[in-house]
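**Student:** Listed below, chain by chain, are the residues.
There are 2 protein chains.
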Amino acid sequence: MFIAEGRKVVSELLKSPCETAALLCLEEKERAWKPLAARYLSGSRGTGKLYLLDGGEWKRLSQDRESEGVMALARIGPRPSWRDLLCQDEGDILLLDRINNPNNLGAILRTAHWFGFKTVFLSAAAVDWTHPKVARSSMGSLFHLNIAAAVDFAVALPEVSRRRLLVGGDVRRGVNPHPTARRAALLLGSETHGLPEDLLAWVAERWHIPGAGGAESLSLPQAAAIMMYEIGRERGK
Amino acid sequence: MFIAEGRKVVSELLKSPCETAALLCLEEKERAWKPLAARYLSGSRGTGKLYLLDGGEWKRLSQDRESEGVMALARIGPRPSWRDLLCQDEGDILLLDRINNPNNLGAILRTAHWFGFKTVFLSAAAVDWTHPKVARSSMGSLFHLNIAAAVDFAVALPEVSRRRLLVGGDVRRGVNPHPTARRAALLLGSETHGLPEDLLAWVAERWHIPGAGGAESLSLPQAAAIMMYEIGRERGK
Chain V
953 MFIAEGRKVV SELLKSPCET AALLCLEEKE RAWKPLAARY LSGSRGTGKL
1003 YLLDGGEWKR LSQDRESEGV MALARIGPRP SWRDLLCQDE GDILLLDRIN
1053 NPNNLGAILR TAHWFGFKTV FLSAAAVDWT HPKVARSSMG SLFHLNIAAA
1103 VDFAVALPEV SRRRLLVGGD VRRGVNPHPT ARRAALLLGS ETHGLPEDLL
1153 AWVAERWHIP GAGGAESLSL PQAAAIMMYE IGRERGK
Chain R
953 MFIAEGRKVV SELLKSPCET AALLCLEEKE RAWKPLAARY LSGSRGTGKL
1003 YLLDGGEWKR LSQDRESEGV MALARIGPRP SWRDLLCQDE GDILLLDRIN
1053 NPNNLGAILR TAHWFGFKTV FLSAAAVDWT HPKVARSSMG SLFHLNIAAA
1103 VDFAVALPEV SRRRLLVGGD VRRGVNPHPT ARRAALLLGS ETHGLPEDLL
1153 AWVAERWHIP GAGGAESLSL PQAAAIMMYE IGRERGK
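Same order as they appear, the protein sequences are chains V and R. If you count by our numbering, then the first sequence holds residues 953 to 1189, one letter each, in order. If you count by our numbering, then the second sequence holds residues 953 to 1189, one letter each, in order.
By construction, these hints were calculated from the structure, which means they are not laboratory data. Incorrect hints may appear among the rest.
Same chains, same label: a pair holds when it works inside one copy or across any pair of copies.
Here are the simulated EDC-like cross-link-like pairs (lysine to aspartate or glutamate), alpha carbons at most 16 Å apart as the crow flies [what the hints assert, rightly or not]:
# : residue 1 : residue 2
1 : Lys960    : Glu1168
2 : Lys960    : Asp1016
3 : Lys960    : Glu1143
4 : Lys1085   : Glu1020
Computed from a predicted model, the values in this text were never measured in an experiment.
Chain V with its partners taken away, still in its complex shape (with noise of 0.2 Å):
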C-alpha cells in the first residue's frame, strides 16, 4: 500500500487501473475531499472505505505543506515481472538506473505518461517509486504505467537489446536524440552519476543533447523530456 495525497493526485488514481484500498479525508476540508469521495464510493461497488481525520491524526501522515485535505490508500498489486512487462508491451520503454531523487522520478514519469510510454523499469539501489513524493511529482500518472522495480539491469539489458533501438543517455558524448523507426528502450542514469560505462557497453546509439550555452548540465527531468519526445516525433505524422 502506499499513500497518494492531494485532488489531483487522487483523481488521477481512481481514473487508473490500480486499486484503491481507502479514502483519508481531513474532516474540516470537505469542499475538497467531496466530490472525490463521492466518485470513489460509486466506483467501488460498495468495499470503498472512508476515513474522516482531525488536523492532529492528519498531521501525522500528510507529507504536503499546504495539505488539501485529502489523501488515498492505493494498493500495489501482485508486481509482473520486467520479462512479463517486456513481452506484454510492443511500445516504447523506458529504463531509469539509480534514479534517487523522487521529485526527478516523479517528472520523469509524468512526461513518460504523456508521450505514451507504458512500461518503466527501474535499477536497485533506486528512490521507492512507491515514495508519496513520486506520486505527488508525477500527478499522479504513476498509476496509469505498469513499473518493475528493483531489475537487475545486467540481467535485463541484453535482452531488451534484442527487441527494442536501446539508447542510452550521455551527459558527455553522443548522437543527437532523433526520431526511431524501431520501437526504443531509453536508459537514463541518474543526474549525479550518469551511466555506468557496463551498461553503457550494451546501447546501441548515446544520446547526447548539444548545448550552446556554456551551461555544465541539462537537468535530467529536462533531458529525458528531450529523448522522449524525439523518439516519437515523426510517428504521428
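Start from chain V and add chain R according to the hints.
**Tutor:** Chain R alone, transformed into the frame defined by chain V:
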C-alpha cells in the same frame, strides 16, 4: 542583494559576471567551503568579505535542509530595461508570464542557459527571481542570464514581435514545435493558468507538444525544454 546557497550555486556565481558581495561559511564544514573561499578571495582583489557563522547563525539564514555550509551574497546590479536587452541581444529570448513556482522558474532558467538563451523577460505577478530557491534550482544558471523583471507584456510584446519570431506555448492546440530560421522569442505561461488570450493574440505561432498517452498535461519545465531545444535544433548543422 540575494542569497545563493550551496557549492554548485556559489561556484556558478563566482564564474558569472555578477558581483559577489560576501561569502558566508559554516565554521564546521570547512572542507566544503575552503576551495570556494580561496577562489573568491583571490578573485576579488582584496575587497572580498568572508564571514564564518556558527550553527545557530547558519540556521537562521539557510534554506537547504542538508546544508553544504556555504552561501554567498550576490549583488543585483542596476537592471537594464527590457528595451535595452531586446536591442543588445541578437539571440533567442525567453518570456515568462506569471510563473509562480520558484522551482519551475529555476528549472526553466537552467535549461535556457544550456540552450544558449541569454535574455529572459519576466512578467509582473510572478515569483521573485531573487528567491534563493530559484538560484538553487537553476543550479546557478540564473547568474549567467540577463533578466528583466516585472515587464509589462502588453507593452513589450508588440515590440518583441517586430524583432523576433514570437511563439507562444499553448497547452490545448497549435502546431508542433519546430526549428526556427529566424531568432525566436518563446513566450510561456504558468502551469496553472497557461497564457491568456490577450497575450496569445500577439504570437505568430502557437506551439503545442502532441502527447500520445492520455495524460492531462506535460509539466511546464519539460514543455519549455522541448520548445527551447526545437528552436535551435538545426542551427548547429
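**Student:** Against this structure, judge whether each hint is valid.
**Tutor:** Structure-based check of each hint:
1. For a Cα distance limit of 16 Å, the shortest separation of Lys960 from Glu1168 across copies, 10 Å, qualifies, whereas the shortest one inside one copy, 34 Å, does not.
2. Taking CA atoms no more than 16 Å apart as the test, Lys960 paired with Asp1016 passes inside one copy only; the shortest distance there is 13 Å, against 27 Å between copies.
3. Proximity of Lys960 and Glu1143 under a CA criterion of 16 Å is satisfied inter-copy only: 14 Å between copies versus 27 Å inside one chain copy.
4. In this homomeric assembly, Lys1085 and Glu1020 come within 16 Å of each other (Cα to Cα) only inside a single copy, at 15 Å, whereas the closest approach across copies is 23 Å.
The earlier numbered hints are all upheld by this structure, with none contradicted.
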